[in-house]
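Student: Residues per chain, in single letters:
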Amino acid sequence: MYISEEICKSLDDKEIVSRSLEDMGYFRCIYLRYEKSLKRYIFKISNFSNDEAEDVLQNAFLNIWKNLNSYDKSMKLSSFIYRIVHNETISRWRKTNADHNLKEAIMNSPSEEESEEKINKSKYIQNILNKMPQKYKEILVLKFLENMDYEEISNILKIPEGTVATRINRAKKSFVKISKI
Amino acid sequence: MTNFDELLKKIQNEEIKQTPKWQFDLMNISSIAFFLLFVAIGAISFSIILFAIQQTDFELLSHMGHSKLEAFLSILPFIWLFLLVAFVLGSIYALYKSKKGYKFTFTKLIGFSVGLSVLFGTMFFIGGGAGWFENAFALRAGFYESIQNKKEKIWQNPDKGNIAGYIQNVNGHIIELKDFDGKLWEIDIDTAFVPPSVFLEKDEKIKVTGIIISDNKFNAEGLYPWGGKGMRNKMRRKMKGQRQKKE
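Chains A and B supply the protein sequences, listed in that same order.
Just so you know, we're using the working numbering here: the first sequence kicks off at 15 and counts up by one.
Just so you know, we're using the working numbering here: the second sequence kicks off at 15 and counts up by one.
Simulated from the structure, these hints should not be mistaken for lab results.
Treat the hints with care, since some could be wrong.
[Unchecked claim] Listed below are the simulated DSSO-like cross-link pairs for lysine-lysine, each with C-alpha atoms no more than 27 Å apart in a straight line:
no. : chain 1 : residue 1 : chain 2 : residue 2
1   : B       : K192      : A       : K87
2   : A       : K172      : B       : K113
3   : A       : K149      : A       : K135
4   : A       : K50       : B       : K31
5   : A       : K80       : B       : K24
6   : A       : K145      : A       : K157
7   : A       : K172      : A       : K135
8   : B       : K122      : A       : K149
9   : A       : K194      : A       : K137
10  : B       : K35       : A       : K28
11  : A       : K90       : B       : K35
12  : A       : K87       : B       : K117
13  : B       : K111      : A       : K90
14  : B       : K23       : A       : K172
15  : B       : K122      : A       : K28
16  : A       : K149      : B       : K114
17  : A       : K87       : B       : K216
18  : B       : K35       : A       : K87
19  : B       : K117      : A       : K80
[Stated by the list, open to error] Between beta-carbon pairs, the in silico distance windows are:
no. : chain 1 : residue 1 : chain 2 : residue 2 : range
20  : A       : K191      : B       : A47       : 16 to 22 Å
21  : B       : L40       : A       : R184      : 20 to 26 Å
22  : B       : K24       : A       : S63       : 18 to 24 Å
23  : B       : Q26       : A       : S105      : 34 to 40 Å
24  : B       : T121      : A       : S193      : 31 to 37 Å
Just so you know, these numbers come straight off a predicted model, no measurement behind them.
Using N, Cα and C, we set each Cβ at its ideal position, and we do this for glycine too.
From just these sequences and the hints, can you work out the full model?
Tutor: Right, dumping it as structure tokens:
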């Protein structure tokens, strides 16, 4: 069944999940709601090319669909989805261990038209993030670029909230240290 | 064709099915069940280690030239130490792998697993389950030597000044003792230390330290209760009797 964007907008995350389990058409709502932000997230933590990011995203959505029954309604749907996308990205990133060109990654990023200053700033931040260890990089992206709270990050990365706080502190120090080099 | 249409096509063409909910529920229940099972086995192991500590005559054996650690190690069946470590590690892993396990810090994971094993193990030991379980295990597992057997071997050593068995007769300062091999001994307790926990009753199981005089005669320096099950009840009965006499 085809579900229009209007219907999707009228439903909250939990309703969409319940309906998706009954009717696959509603899964389109999840796709529409999260596609852009997830793609942006993949770019930020991996530097994959556009094609690779899309491939990762398709596989991730396939896994989301397969594992939709495991969604725990006590957590946000975004945490559940980001966790799967995160795992898929890291798994692919480890397999390919690709050394991607920063410029290409930023040019491919699905950002709206940005001013030169904004692009430079974004390049600068991405450049520092790329030099950081993966575990610091991903936590800074989730906290400061995806604006997630500790609980959400804890659910996505499957680490205790206390560890989230400690890791963010260490990541910030690492960020400052690298930016001074 | 949109990305979602492609995804939909793939799912339909390859007939990819959703993992049913019962499989996730089963996984969650299994990890909790494994956690509880591992904690239970860890608790039993811990209770038997407590039982071994209780059954080790630290003071007496160290007087015989053994260190306290040596005395403990001579009686402790290492299988329980191994099982305790293995199952505590298993319970930590099972708890971590449970649905919300990642929310626990490593310290909390260890704390919960060790804490529950120690708590339930202590309760099992206090309830008298450890001795019973260990004995039942020894009867069924041929390869395993029980703590009681090890203890009996240590105390079946008259040449080294220690002997144990069941009192058969008490005649003044001479008691007749049947050791674990069924041999009868005449034991002179005239100068021996006899604590209040030894009642000198027929069939009472006791330990004796002293010097061997001849093939079946022993000069006692000290008499001690065998220890373990029933001893506390006997002590209570004795104290009650003493109180009644006074009244």
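Student: Return the numbers of the hints above that this structure violates; sort them in rising order.
Tutor: 1, 7, 14, 15, 17, 20, 21 and 23
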